[in-house]
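If you're matching them up, the sequences are chains D and G in order.
Sequence positions in the first sequence follow our numbering and run 1 to 377.
Sequence positions in the second sequence follow our numbering and run 1001 to 1342.
Keep in mind that the hints were calculated from the coordinates and are not lab data.
Among the hints, a few may not be true.
As the list claims (entries may be wrong) - Residues on chain D that point at chain G, a partial pick, calculated with CB under 10 Å:
#1 243
#2 247
#3 281
#4 285
#5 286
#6 288
What you are looking at is a predicted structure, and each value in this text was computed from that prediction instead of being measured.
Idealized CB from N, CA, C, for every residue including glycine.
Here is how the chains run, residue by residue.
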Amino acid sequence: MKQIKQPIILSLLLLISACKTEKKEVDIQEYQTLIKYAKGIDIQMFENYKKLIIKSPYPEAEESLTYFLVPKNEKVPKNIKGLNIIRTPIEKVVVTSTTHIPMLELLGEEKSLVGFPNLQYISSTKTRQLVTNGSIKELGNEQDINTEVLLNLQPEIVIGFSMSNYNKMFTNIEKAGISVLLNGDWLEETPLGRAEWIKFFGVLFGKEKEATRIFNSIEKQYQEAIVIAKSAKTKPTILSGVLFKDIWNLPAGESFVAQFLKDANTSYLWADTKGKGSLTLNFENVFEKGQHAKFWIDTGIYTSFNELKNANQHYTEFDAYKNKNSYSFAHKKGENGGVLYYELAPIKPHIVLKDIIKVAHPELLPGYQPFFLEKLN
Amino acid sequence: MNNNTSYSLKFILLGVLLLLCILINLSLGSVDIPFKSIVQTLTGNISDKENWHYIILQYRLPKAITAILVGSGLSISGLLMQTLFRNPLAGPFVLGISSGASLGVATLVLGVSAFSGSLVGFAFSNIGLALAASIGAFFVLSAVMLVAKRVKNTMSILIIGLMFGSFTAAIISVLAYFSSADQLQQYVFWTFGSLGNLGWNEIAILSILYIISVSLLFTIIKPLNSLLLGENYAISLGVNLRKTRNITLLVTGLLTGVITAFSGPIAFIGLAVPHLTKLLIKTSNHKIVVPAVAIIGAIVMLVSDTIAQLPNSEYTLPINAVTSLFGAPIIIWLLVRKRKII
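In isolation and in its complexed conformation, chain G is listed as follows (with noise of 0.2 Å):
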């Protein structure tokens, strides 16, 4: 009783640290907007100029959904990696669904190549990106997945992400070596990951498969808590454990595969934040880790990308920059720190 106070306490001043961070993310960009107008703005009144209007409704705002979604989506898939191979290095990539991801872009932005026409809008649109992206990813994932049917021990899983991951890699330097500066800057933005460019559409596909994969999340909120105790030990407390694993890895795949898909490849968040919040909350129960893990994701998202603004001047830093500067210097001290971590 005394501990859920003390949790339902902490999850307040997380969500009040997450509408903080939202309306600082609104406020703060390169164009310097004053505080008032924002509310004006997002209360539904007419700002003082019209362009101010369009930036903060139709670009700050759909950023800062998309960072949350990305933010809690990718945070909670390291968490859930993290706990199937209970290995603390694993991410939302290391089933090699980033590396798929990639694959797929590569195969659009540099395989395509740029004299074919109509299909260089194509390749330079969002959607088109994304779904090179989600069909690379999902490609790359059920390889994985038919392997993993085969193979009894986890972490073996987990290598043959790893290894899935070196070979699509190697692809990707052979299409990259023949392709023009042009194709490959194109592939290397990509690759920075960037959060700015979605549209309402592009979000409610986004949002619609997050929720399905949460929904699908909660099914499995309680065998994942045994699992932390050792397979054997969750199979004799008669969890499913092959479906506990599917389960997970679906809804690892298609949360990291329509994110990565959306924002490219965004770096050490995944890693770094379920790390972070066991350090805050000190439970592993996932009922309460899986909601903390995603508000701060959402926060630490929010936060780089404020900083990727570099607010009032007029450049932009890559969102994967910030976000590994982040993340691993938290890698680091808790490696240093020795402590246990799962």
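With the rest of the complex left out, here is chain D (with noise of 0.2 Å):
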């Protein structure tokens, strides 16, 4: 009965703070939104604060949660009293999940993450020099924070991830005092749209215009990419994914590796499937489609041709393996063993797609050095 009142008043007492923001902003400015790609963030810039609304929050949400941004040296403006209020720069800051490590590094900010859940997983090596000299902080298991050394690390903010609008975890640091706010970035569509979310750090640390800046030659990068993308004159055929037992995980459709393959011009052989997840096939099914795939793109944790042919026979009879062109994205690792481009690529879909490019139409990037994506050994 409790686990059920609690998001009632939850959800009442978000849609009472909605409706407040609302009476009281009918006097409002003219504001400039600073997002152009992201479907689940908007910034929008007010003349003494910013209105930070996070509209997916978690998979399917119906509401959006907004935050109001004012500098630590400027009084709160009148009109935003008493709403969620966070007070930047951020000077103490624990995030949730290794992507959101580089951003922090771009923005020059990682000396401000004092904890981190799963350390080991970090491969970025600033931050990681400062795990190794002792400056942040182990939190334990990334769905059950350590609550203690949380609350005597004393962080402003945790950026955290959830499934739903119910999180447990995160409902115990709030009580704490601490704000946690739920990053969507995972939830994004496109890979510009991911990369985006670098403004959401950006404005917390009042660096929005360093992250714009970032943001925007992200994107010139990767327009860039897809117009020489184009201008390819043939439209190679791509099998992805590899099996796990009887199952065939490949990218769905409306992925974002579906996506990558798109702009790069590819003929992705299940771009036509529904979903943004990943599809869950049988082998027969596969092979029949992919048997002769041009290229085989993203072998998953494989990143020779004798780890393929030990794990799977079938691997053998496909021609992306006979031929030899068979790429991974594994290749590339941390200190510790993490595969860099689950770390680095959401911050990096320009040097992803050229990646992919070069492999499909070498000849279009002469002299471009792949950064993530490799043929296996």
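Take each chain as given, in its own frame, and dock them per the hints.
This is the structure in structure tokens:
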């Protein structure tokens, strides 16, 4: 009963606060929005505060979460008093996903990170150094953060992610007076949309200009790469993913990877399928469709032809295996062995795209050295 | 005499049914292959499309053979356990074999952190998983056997097996708690069971161990029949109880261990098929029940696999979900009927 009650009360509170916001902001000024691609976030720049709206804090969210960001050296404007206020710039933060680490580093804010769950997963070098010298504390399991250690660290905010509107752990943290911001970057539908979430961190650290500059450069390079790819004369067919037991996991037609493959002017064999996540298909099906695919992009954890063969004899029957046209994102690893692609790719979509173009249309990017995507050994 | 002819008639029927199930299993899958091409391929001719040829001979055929070995092996093990413990709820996994195998796999997949380079490929390969599962199963089984040596009462062995089960489950949850989502997924997928990823080499290993176990079993068919009358009665009939018990445990351990190693812990088959068989063939004579259980086990597994493939769709169901859908209603039905089920 308790468990049912709490979300109801929470959502009621949210409703009330939402109503309040509207009433109070009737007389407000013009504002500029900072967001171009991302669908799950809006950052509205008002004269003396910024409004941060997380539209998709968790999957299928119906209500958005709104925060008002006011610089620490200024007074909270009257019209937003009593609402969700965050004072910026943030000086002590806890993030819970490794994909956020490179964003902090790009903004030069890795030193603001005081704690992280599962430190061993961090690969980014600057932050790794801080872990080694002990300035970032271990918080335990990401699904079950050690609350005592967290409280002791006294971060101003915790940036988490959640599968639903009720998360016991975050509710507990909020009870202790630490704001929890739910980051929904992983729910974005396009690579550029996801990279744009660097502005989320930018605005929290009072560095929205830097964030915008970084993003604009990513955007420019991404768009340029699309144009380059368009000039290709061929459109090679692509197979992706690997088997686990008898299920073949491959990216669905509306997923990130499928978007990359489309932008790289290739013909992904499952481009027409529905869904943003992954498809779980039967071997027979993948074999019939993908046996003659020109390239095999993303062979999961396998980084050599031998590993593939040992894992399953069936792999050797694919043309992309026979002709050595198979590529993996998992070659580059961090100090602790974590695959760099998982940590860095969200903020480097232009590199991922160029890597794929280099594989599918090598003549278009002469001299380009791929970063993530490499041929199997 | 009359009895014997009725049995052979039943066996002929079961044999025909088995063949039919094999054919159906081979002809239905995600990819729609016409029956004509299936027959052509099986009779050694080249079928219309080269990749159909590969799908039938290298994917569906090994899968069907695995289904037969797994289904019959688990059912025989289940029957043996039910006879030995004289308990209708005993199954191939009561000795802690599946928990042992799960522990082995969990230690490999969850314990070996995804970060230790060269081991990763190994942890994800069939042989790696099979080896870990076998070692785990063997480890727990020998622990149970060691204890069994000191314990006279067969019921206590049953309980000790269950205790080992909870013990290993506890270790697995500790491991699971500290592992990443990827690793957990690996492990969970293993527990779903699968028939379709064995190559011919692995099937050869599976078959050899299967044949060894079944040959061992033939040496204790008679004592098993006497065991049904109760341990004391069996002893008075001159049965070497300890030897019979040890061979039974060994056969079950080998069969279940190797099957679980290659195809994951497949639920319910071992528990449900012996009951199903005894409904069809009303005798407790192991000479008749063992082959019948083997054939019916194979049939049930083939049918389950055919359903799991969701013919003509791109998706598949985990085999464990399908077998349990079969098994659970049967067990419930039996309990409701309150039939004497030994």
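Evaluated hints:
Below 10 Å, beta-carbon pairs count as interface contacts, and residue 243 (chain D) has one with chain G at about 7 Å; its hint therefore holds. A distance limit of 10 Å between C-beta atoms decides the matter here; for residue 247 (chain D) the minimum to chain G is near 7 Å, and the interface restraint holds. At about 5 Å, the closest approach between the beta carbon of residue 281 (chain D) and any beta carbon in chain G falls short of 10 Å, and the interface hint on this residue holds. Annotation: interface hint on residue 285 (chain D) holds; nearest CB of chain G at approximately 4 Å, less than 10 Å.
Interface hint status for residue 286 (chain D): upheld, as the beta-carbon distance to the closest one in chain G is roughly 9 Å, under 10 Å. The beta carbon of residue 288 (chain D) comes within 5 Å of a beta carbon in chain G, closer than 10 Å, and the hint placing it at the interface holds.
In terms of the numbered hints stated before, the structure departs from none.
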